[in-house]
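Chains as they are written, first to last, in numbering that gives the first Met the number 0: chain A, 0 to 127; chain B, 0 to 425.
It is possible that some hints are incorrect.
Unchecked claim - Quick list of the computed label-pair ranges, beta carbon to beta carbon: (1) P400/B / R113/A: 38 to 48 Å; (2) F2/A / R281/B: 54 to 64 Å; (3) R113/A / N169/B: 19 to 29 Å; (4) L99/A / G56/B: 54 to 64 Å.
Said to hold, decoys possible - Residues on chain B that point at chain A, a partial pick, calculated with CB under 10 Å: (5) R137; (6) K166; (7) K240; (8) D334.
Said to hold, decoys possible - To give an idea of the interface, some chain B residues facing chain A are shown, with a C-beta separation under 10 Å as derived from the structure: (9) Q25; (10) S237; (11) L369.
These are calculated hints, taken from the structure and not from any lab test.
Keep in mind the model is a prediction, meaning the values are calculated, not measured.
Every residue, glycine too, gets a C-beta built ideally from N, C-alpha and C.
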Amino acid sequence: MAFATRLALRDVELKECTPLFEEKQYKAQLAELSNLITPLLDTEETGLKLDETKCTGCGNCVVVCPVDATVEPDTASGKAARTTETVFRVEDGIVKIINLERCRRFPPDRMNCRVCEQGCYVKAIEIW
Amino acid sequence: MQDTVCCGCSVVCDDVAVAVKKTNLQSLGLCRLGHEYCNSVFNKHRLTTALYKDGSGKLGPIPTKDAIQQAKSLLKDNSRPLFIGWSNSTQEAIQIGLQLSKNQKGVFESTASFEYGQILRTKLQDSESEQVRLDDVRDYADHIVYWGVNPAESHHRHASRFSIFPKGKNIPEGRESRVVSVLDVRKTESMGLANHQLILSPTTGDVEFLQALIGELKGTQQPLAEKVGGVPTIEFLSFAKQLREAETIALFYGNGLIHTTHSAQSLPLLKQLKSTLNRGKRRCWTFPMVAYCNTIGSVKASLKSSKLPFSVDFSSNPPKPITSIFKSLTDGQFDCAIITNWDALSLLPGPMAQALSKLPLITFSTLPTLTTKKASIVFPTALMGAETSGTAYRMDGVAIPLKPFKEPPQGVLTEENVLQQILVTL
Numbered sequence: 000m001a002f003a004t005r006l007a008l009r010d011v012e013l014k015e016c017t018p019l020f021e022e023k024q025y026k027a028q029l030a031e032l033s034n035l036i037t038p039l040l041d042t043e044e045t046g047l048k049l050d051e052t053k054c055t056g057c058g059n060c061v062v063v064c065p066v067d068a069t070v071e072p073d074t075a076s077g078k079a080a081r082t083t084e085t086v087f088r089v090e091d092g093i094v095k096i097i098n099l100e101r102c103r104r105f106p107p108d109r110m111n112c113r114v115c116e117q118g119c120y121v122k123a124i125e126i127w
Numbered sequence: 000m001q002d003t004v005c006c007g008c009s010v011v012c013d014d015v016a017v018a019v020k021k022t023n024l025q026s027l028g029l030c031r032l033g034h035e036y037c038n039s040v041f042n043k044h045r046l047t048t049a050l051y052k053d054g055s056g057k058l059g060p061i062p063t064k065d066a067i068q069q070a071k072s073l074l075k076d077n078s079r080p081l082f083i084g085w086s087n088s089t090q091e092a093i094q095i096g097l098q099l100s101k102n103q104k105g106v107f108e109s110t111a112s113f114e115y116g117q118i119l120r121t122k123l124q125d126s127e128s129e130q131v132r133l134d135d136v137r138d139y140a141d142h143i144v145y146w147g148v149n150p151a152e153s154h155h156r157h158a159s160r161f162s163i164f165p166k167g168k169n170i171p172e173g174r175e176s177r178v179v180s181v182l183d184v185r186k187t188e189s190m191g192l193a194n195h196q197l198i199l200s201p202t203t204g205d206v207e208f209l210q211a212l213i214g215e216l217k218g219t220q221q222p223l224a225e226k227v228g229g230v231p232t233i234e235f236l237s238f239a240k241q242l243r244e245a246e247t248i249a250l251f252y253g254n255g256l257i258h259t260t261h262s263a264q265s266l267p268l269l270k271q272l273k274s275t276l277n278r279g280k281r282r283c284w285t286f287p288m289v290a291y292c293n294t295i296g297s298v299k300a301s302l303k304s305s306k307l308p309f310s311v312d313f314s315s316n317p318p319k320p321i322t323s324i325f326k327s328l329t330d331g332q333f334d335c336a337i338i339t340n341w342d343a344l345s346l347l348p349g350p351m352a353q354a355l356s357k358l359p360l361i362t363f364s365t366l367p368t369l370t371t372k373k374a375s376i377v378f379p380t381a382l383m384g385a386e387t388s389g390t391a392y393r394m395d396g397v398a399i400p401l402k403p404f405k406e407p408p409q410g411v412l413t414e415e416n417v418l419q420q421i422l423v424t425l
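Use the sequences and the hints to build the structure in full.
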């Protein structure tokens with residue numbers, strides 16, 4: 000279980016579990032685990048996946064992000080992010096993650112914050 | 000980056016910035032709709048010269064001053080002009096349009112007539128005493144209701160700027176301090192954010208639901224069936240309970256509620272619901288979710304000039320309302336029309352568009368449209384907000400001064416300027 004948790008947090012890689020690769024009896028488990036972690040490989044260090052093609056630039060994520068509210072307080076009351084300090088900023092009609100390392104999910108803190116995902120109308124943000 | 004105001008929809012965002020590059024625009028804070036709207040200043044199909052349909056029936060370029068003379072002649076030769084559009088025009092242009100309509104004894108009609116009709120008249124008359132702004136919604140509304148409208152598709156930043164998410168004076172936790180309810184006939188994107196997701200029956204669900212809700216809130220409700228207007232009774236009761244417990248309710252309604260075959264019943268019921276909720280310390284504010292950026296401005300200007308919200312017939316003094324623009328157009332009561340920044344022929348119902356297309360048309364537009372194709376005279380105009388100063392009225396009736404970020408292309412004037420020149424020459 001400890002290994003699985005570390006795998007989900009991306010502290011370890013699947014190949015570090017050598018029996019999975021060396022012993023034939025684990026072939027099915029290897030295939031299933033590979034399937035499970037494939038989406039994770041596309042995400043950032045925070046597990047956050049942003050699909051820009053779905054984004055409408057509504058700015059819900061900008062307004063709900065607690066980090067944005069701290070570094071640019073006006074965003075919490077609905078204003079657009081205008082500085083380079085926030086996690087999210089809507090540029091050219093689409094949201095961009097401009098400071099991923101400030102996200103509360105970023106290692107080593109890895110807080111289980113999902114407000115941006117919950118606030119997204121169109122599921123452009125997903126957290127894995 | 001320079002500050003600007005977006006005129007892409009009726010939220011009229013004034014907290015955004017743009018940087019003009021050689022062939023495109025960079026923006027901060029504009030939603031996808033707003034960015035595309037502002038970026039259309041670089042549209043390669045943009046109209047940059049005035050066009051005039053000569054004897055051969057083909058539109059060809061002419062100098063703007065000649066087009067103004069042609070427009071003058073057309074208006075002089077015809078006694079019953081229609082001035083239509085106005086929701087994508089600045090307040091200053093609308094005022095000149097009203098003056099022109101008055102001088103020519105024509106009919107002034109805005110898109111408000113097709114969008115929200117008499118509701119806007121009542122709303123604006125109410126709001127004179129009420130003066131509720133979207134900023135008040137952000138600061139005080141602890142229950143947000145969207146009824147028959149999906150801001151996720153139509154007004155992208157509405158929820159983040161004013162209704163669901165922002166923190167306000169009495170709303171310390173933003174989304175967590177509010178209850179959100181969405182009522183519609185289908186599962187919408189906005190519903191995904193709601194505590195109460197109420198899917199009404201598409202036939203007369205809203206009428207049944209409103210009647211039952213008013214009864215429930217007044218305590219006079221008869222025993223309920225299994226469903227109320229298509230909504231399971233348990234969900235209906237839970238919604239009613241939370242409305243009763245709210246301090247300030249902001250109800251935003253859209254075409255899904257008002258453009259139905261039974262709106263004659265549902266709209267008075269909505270008004271009744273509002274007065275039922277406005278009891279004791281509890282407040283209820285209602286807002287129509289108008290689409291265009293200055294629909295409210297066109298109604299305000301018209302009310303100020305004629306005491307009528309739209310459909311104003313200036314052929315009599317005092318001006319009187321025309322009974323139906325549909326009937327007036329299809330009966331052939333007009334002999335020419337000025338259409339301002341509105342693709343009327345694409346958007347009006349078939350019989351009206353057909354009747355309009357038979358008239359000599361003077362149109363104002365930034366881009367070629369079906370209406371400009373059929374027009375006799377076309378004036379290319381500066382893009383509202385992006386290339387024009389002036390004022391637009393947000394959906395709550397707040398005046399927003401525009402901040403243009405670019406000069407219009409050479410030879411392209413503002414609608415206000417062209418209308419003024421026509422007015423002067425006449």
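Status of the hints after comparison with the structure:
Look at P400/B against R113/A: about 39 Å separates their beta carbons, and that is inside 38 to 48 Å. For F2/A and R281/B, the Cβ-Cβ distance of about 56 Å falls inside the hinted range of 54 to 64 Å, so the restraint holds. Hint check: R113/A to N169/B, Cβ distance near 26 Å, so the stated range 19 to 29 Å holds. Restraint check, L99/A to G56/B: a C-beta distance of roughly 60 Å satisfies the suggested window 54 to 64 Å.
Given the 10 Å rule on beta carbons, the hint for R137/B holds: about 6 Å separates it from the nearest Cβ of chain A. Contact between K166/B and chain A, as hinted, is supported at the beta carbon level, the nearest pair being about 5 Å apart and thus within 10 Å. Nearest Cβ of chain A to the Cβ of K240/B: about 24 Å, over the 10 Å cut. The hint is violated. Look at D334/B: its Cβ only gets to about 43 Å from chain A, farther than 10 Å, so that hint breaks.
For Q25/B, the shortest C-beta to C-beta distance to chain A is roughly 6 Å, which falls under 10 Å, so the interface hint holds. Restraint check, S237/B versus chain A: the minimum CB separation of about 21 Å is more than 10 Å; hint violated. For L369/B, the shortest C-beta to C-beta distance to chain A is roughly 26 Å, which exceeds 10 Å, and the interface hint is violated.
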